[in-house]
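Build the full structure now, drawing on both the sequences and the hints.
There are 2 protein chains.
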Amino acid sequence: MICVLCGGTGAAKFLQGLQRIVPPAEITAVVNTGDDVMWWGLHVSPDVDSITYALAGILSRERGWGVEGDTFECHARMRELGAPAWFSLGDRDLATHLQRTQWLKGGRSLTNVTAEMARRLGVQSRILPMSDDPVETRVVTESGELSFQEYFVRERHQPVPWEVRYIGAEKAHPARGVLDAIHQAQLVIVAPSNPITSIGPILAVPGIRGALRATPATIVAVSPIVGEAAVSGPAGELMRAHGLEVSIRGVAQVYADFLDMVVVEESDRKLAPRVEDLGIRVHSCRTMMQSDEDKAELARQVLVASKMRTPTPTSQSQASRGPRPRAASPRRP
Amino acid sequence: MICVLCGGTGAAKFLQGLQRIVPPAEITAVVNTGDDVMWWGLHVSPDVDSITYALAGILSRERGWGVEGDTFECHARMRELGAPAWFSLGDRDLATHLQRTQWLKGGRSLTNVTAEMARRLGVQSRILPMSDDPVETRVVTESGELSFQEYFVRERHQPVPWEVRYIGAEKAHPARGVLDAIHQAQLVIVAPSNPITSIGPILAVPGIRGALRATPATIVAVSPIVGEAAVSGPAGELMRAHGLEVSIRGVAQVYADFLDMVVVEESDRKLAPRVEDLGIRVHSCRTMMQSDEDKAELARQVLVASKMRTPTPTSQSQASRGPRPRAASPRRP
Numbered sequence: 001m002i003c004v005l006c007g008g009t010g011a012a013k014f015l016q017g018l019q020r021i022v023p024p025a026e027i028t029a030v031v032n033t034g035d036d037v038m039w040w041g042l043h044v045s046p047d048v049d050s051i052t053y054a055l056a057g058i059l060s061r062e063r064g065w066g067v068e069g070d071t072f073e074c075h076a077r078m079r080e081l082g083a084p085a086w087f088s089l090g091d092r093d094l095a096t097h098l099q100r101t102q103w104l105k106g107g108r109s110l111t112n113v114t115a116e117m118a119r120r121l122g123v124q125s126r127i128l129p130m131s132d133d134p135v136e137t138r139v140v141t142e143s144g145e146l147s148f149q150e151y152f153v154r155e156r157h158q159p160v161p162w163e164v165r166y167i168g169a170e171k172a173h174p175a176r177g178v179l180d181a182i183h184q185a186q187l188v189i190v191a192p193s194n195p196i197t198s199i200g201p202i203l204a205v206p207g208i209r210g211a212l213r214a215t216p217a218t219i220v221a222v223s224p225i226v227g228e229a230a231v232s233g234p235a236g237e238l239m240r241a242h243g244l245e246v247s248i249r250g251v252a253q254v255y256a257d258f259l260d261m262v263v264v265e266e267s268d269r270k271l272a273p274r275v276e277d278l279g280i281r282v283h284s285c286r287t288m289m290q291s292d293e294d295k296a297e298l299a300r301q302v303l304v305a306s307k308m309r310t311p312t313p314t315s316q317s318q319a320s321r322g323p324r325p326r327a328a329s330p331r332r333p
Numbered sequence: 334m335i336c337v338l339c340g341g342t343g344a345a346k347f348l349q350g351l352q353r354i355v356p357p358a359e360i361t362a363v364v365n366t367g368d369d370v371m372w373w374g375l376h377v378s379p380d381v382d383s384i385t386y387a388l389a390g391i392l393s394r395e396r397g398w399g400v401e402g403d404t405f406e407c408h409a410r411m412r413e414l415g416a417p418a419w420f421s422l423g424d425r426d427l428a429t430h431l432q433r434t435q436w437l438k439g440g441r442s443l444t445n446v447t448a449e450m451a452r453r454l455g456v457q458s459r460i461l462p463m464s465d466d467p468v469e470t471r472v473v474t475e476s477g478e479l480s481f482q483e484y485f486v487r488e489r490h491q492p493v494p495w496e497v498r499y500i501g502a503e504k505a506h507p508a509r510g511v512l513d514a515i516h517q518a519q520l521v522i523v524a525p526s527n528p529i530t531s532i533g534p535i536l537a538v539p540g541i542r543g544a545l546r547a548t549p550a551t552i553v554a555v556s557p558i559v560g561e562a563a564v565s566g567p568a569g570e571l572m573r574a575h576g577l578e579v580s581i582r583g584v585a586q587v588y589a590d591f592l593d594m595v596v597v598e599e600s601d602r603k604l605a606p607r608v609e610d611l612g613i614r615v616h617s618c619r620t621m622m623q624s625d626e627d628k629a630e631l632a633r634q635v636l637v638a639s640k641m642r643t644p645t646p647t648s649q650s651q652a653s654r655g656p657r658p659r660a661a662s663p664r665r666p
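Line by line, the protein sequences give chains A and B. Quick note: the first sequence uses the numbering used here, first residue 1, plus one each step. Quick note: the second sequence uses the numbering used here, first residue 334, plus one each step.
Calculated from the structure, these hints are not laboratory results. There is no bait here: all hints are sound.
Pair ranges (Cβ atoms, derived): (1) B/Glu-413 to A/Gly-82: 23 to 33 Å; (2) B/Gly-477 to A/Gly-57: 41 to 51 Å; (3) B/Gln-457 to A/Pro-206: 51 to 61 Å; (4) B/Arg-452 to A/Trp-86: 17 to 27 Å; (5) B/Ser-624 to A/Ser-143: 50 to 60 Å.
Just so we're clear, the structure is a prediction, and the values are computed from it rather than from any experiment. Here a beta-carbon is modelled for each residue, glycine too, at the ideal position from N, C-alpha and C.
What follows is the structure in structure tokens.
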């Protein structure tokens with residue numbers, strides 16, 4: 001079993017590759033819900049949707065979110081009717097939110113609703129929201145405090161961020177199945193997602209970080225940072241706001257108390273020693289995911305690298321000094 | 334000022350004609366809300382929507398409901414997600430229901446929401462729901478009691494109806510503006526709508542029937558019955574269930590306590606004496622509304638006939654024995 005901690009875009013691409021090389025039923029995705037938003041009265045769960053659509057094979061390639069080939073007739077009319085329109089929902093996508101909202105109103109949990117949605121769309125992997133409890137990622141910026149979607153979509157992440165808060169996280173419980181998925185996995189993969197606003201909310205749910213420290217599974221992160229910038233999105237600015245170096249070392253630092261290995265772009269191989277200093281091994285390969293082949297190859301690299309517990313430097317990998325005593329001496333309390 | 338009591342399809346067509354021959358701002362439509370339904374968690378007001386779309390010039394000609402040229406992407410996906418799908422909402426139409434539901438949740442009245450929606454769509458006439466209070470038209474049939482939409486759409490009005498109930502009507506209040514519109518109108522027109530399930534709920538709201546009896550306005554109904562059947566829909570079966578003759582006489586009987594005149598199809602001119610017996614004048618003309626010209630001509634006929642208080646039999650009209658002392662001696666208590 002493989003457990004993948006997921007945000008949206010990058011994680012969706014990575015899972016598309018992973019399900020090409022391992023049986024989908026062996027994959028459990030634990031997905032950020034800190035970006036969830038009530039929009040037009042509907043419960044929208046952007047990362048859960050991206051992951052679900054990706055695994056169902058209907059994620060828009062062009063946009064990276066929403067349904068492939070979707071239309072926006074309702075959205076255009078909403079704008080005419082004076083509704084806020086900076087957040088777009090396609091017509092087919094709308095059905096997901098309408099049905100989710102109805103199911104939630106009927107008393108079902110987000111976990112149950114997410115599973116049902118995935119089943120209806122033919123997804124064989126398991127998709128778990130990080131929590132059934134509300135956690136709201138808020139970004140304190142130079143222009144004031146914003147919800148994640150306000151910061152990311154409405155303001156196009158232009159305001160300089162100062163701090164990210166996970167409102168409600170301290171009272172949230174991991175969704176049913178999350179801790180077991182982490183404990184029982186052979187491999188936990190932290191997808192190439194924003195460490196602060198995609199993976200950060202997951203780690204902020206009490207119990208999840210502890211489970212990651214305690215699991216016997218190998219834990220591998222795929223770096224969303226290449227060189228000194230994020231592959232996409234505002235991960236760089238947000239890491240900087242949290243006092244982290246924008247590099248593979250910064251990524252490794254966020255996860256240092258539970259991570260075994262980080263998979264980085266080949267061009268970052270030169271930085272490996274600065275990550276290995278943290279007791280985290282480094283595997284370098286091509287991490288850019290443009291084609292379906294890229295996605296599958298990255299997933300294959302992660303699987304292969306995760307089995308290299310003993311340092312075996314090759315032309316493709318920079319191995320560390322072996323497994324570190326992770327659970328015994330966590331770097332973060 | 335002209336006040337029109339409206340259901341959906343027939344009333345929508347009639348209003349399209351009326352607004353071609355009188356300034357739209359002089360028209361107030363009082364619309365049935367007994368068919369309103371919560372669908373996919375959204376407040377759908379089918380008759381209000383048909384009237385609004387008709388007056389905005391965007392009503393689907395082909396379907397007679399919903400938005401012209403609308404797509405059904407969301408609907409198709411809802412079906413896939415296991416949602417009930419026997420009631421169709423187009424993608425553009427959905428925006429109306431999403432926005433209405435949001436506005437209602439925000440504490441606005443249906444009257445206010447209806448006005449705002451009409452304004453946003455460029456409608457110059459006034460559209461009033463009959464009431465801001467919930468009134469639910471239910472049809473008791475041989476197959477059990479059904480909501481109106483279940484009876485009309487889901488069951489395609491196949492079960493034999495026994496009785497129609499207007500649940501909540503006795504506690505409902507006319508929407509703000511309705512009684513004034515009736516009192517201040519020069520002419521009140523009962524649109525060619527189903528007397529039982531479209532006009533019936535309006536008349537069931539306490540105060541409205543009394544206002545119709547008391548208004549100095551001339552009141553003219555356009556018969557939705559031609560010969561022994563409804564032009565469309567189940568008006569015939571429903572009238573029969575309520576012990577009414579399915580004819581222009583039956584229509585006149587429903588409104589006998591406030592009606593001055595009924596406008597009927599030419600072929601029904603022969604039945605005029607049986608209506609005039611009720612003290613209601615009869616004007617016959619072409620009432621079928623196929624083309625835009627038909628709609629405008631019918632509206633013109635209604636306006637012309639409404640002014641014929643003194644009997645002036647012509648080749649186009651069968652006039653009654655003059656105005657009857659309506660308010661003084663109502664036929665129905």
